[in-house]
Amino acid sequence: MNSAEASNPFFYLYDTLHSKLGIKLPFTHFERSVLRALNVAPTQLHPNSWAFVRAFELLCEDLGKAPTLGVFFWFFTPRKTDRVGWTSLSNRPKRTLLRPFLESYKAFKNRFFRVAPSDPTSRLLIDRDRRQYFPLQWTRQPAVSITVDVENLERWERAFIAELKELPIIDLDDDDDDGCTSQGLHRKKVISEIIAENEHASADTFKRRKCVSGIEIFTSTSPSSADTFKR
1 MNSAEASNPF FYLYDTLHSK LGIKLPFTHF ERSVLRALNV APTQLHPNSW AFVRAFELLC
61 EDLGKAPTLG VFFWFFTPRK TDRVGWTSLS NRPKRTLLRP FLESYKAFKN RFFRVAPSDP
121 TSRLLIDRDR RQYFPLQWTR QPAVSITVDV ENLERWERAF IAELKELPII DLDDDDDDGC
181 TSQGLHRKKV ISEIIAENEH ASADTFKRRK CVSGIEIFTS TSPSSADTFK R
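Under UniProt numbering, the sequence shown has 143 at position 143, and the numbering climbs by one with no breaks.
Because the hints were derived from the structure by calculation, they are not lab data. Don't take every hint at face value.
[Claimed, not checked] Below, in silico cross-link-like pairs of lysine-lysine (BS3-like), each with a Cα-Cα straight-line distance of 25 Å or less:
# : residue 1 : residue 2
1 : K80       : K94
2 : K109      : K20
3 : K94       : K165
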């Protein structure tokens, strides 16, 4: 039974998202939107990909911009991984913004907890019409393809994409524990900028890249049908 149809809706969350990535509850509007766009439950998105989501939020915060699906999915694309069926995110070809962890999170599968509002009438997980803000349980049709038509984005989003393309790649793989905090990400960005300045003194190093077309979502079982984000 879908938990949203039960009297007390709930979902599960891996402990590592809280302890290592600093994911807090309730989810931010952007985090909920990513889950809804991918059509996945919180545990269905691999922790490594949650790191991309969290780091992107912090990067936007550091640059004084609001995180949006259009900008995020211009840089990242979903892919289904292994037999377990987790959904993962990866940088699009020639659009690397964040370098992922070299080693995947380990021993996270058995460390999770249940999240449920103490008040069954709470709007923490569902709206007034009893609709979920995001899938609470694993879905059978996660998105396998999302494309972005940059011309359909707002002007400031297009400018923000151009700004992000000029940044050196930020490496999330670090021995420090503050990698996914605003301070840690800012430090990584500064270090990356210094390295880039030393290695690539010429501004010609940074090149404009072509974009893809359409914010469209294709599910794994119906690749011919698409839902489009209306902006």
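Verification of the hints:
1. A threshold of 25 Å between alpha carbons decides the hint, and for K80 with K94 the separation of about 20 Å falls inside it, so the pair holds.
2. In summary, the hint linking K109 to K20 is supported, as the alpha carbons are separated by about 14 Å, within the 25 Å threshold.
3. Of the pairs offered as hints, the one joining K94 and K165 holds, with about 10 Å between alpha carbons and a cut-off of 25 Å not exceeded.
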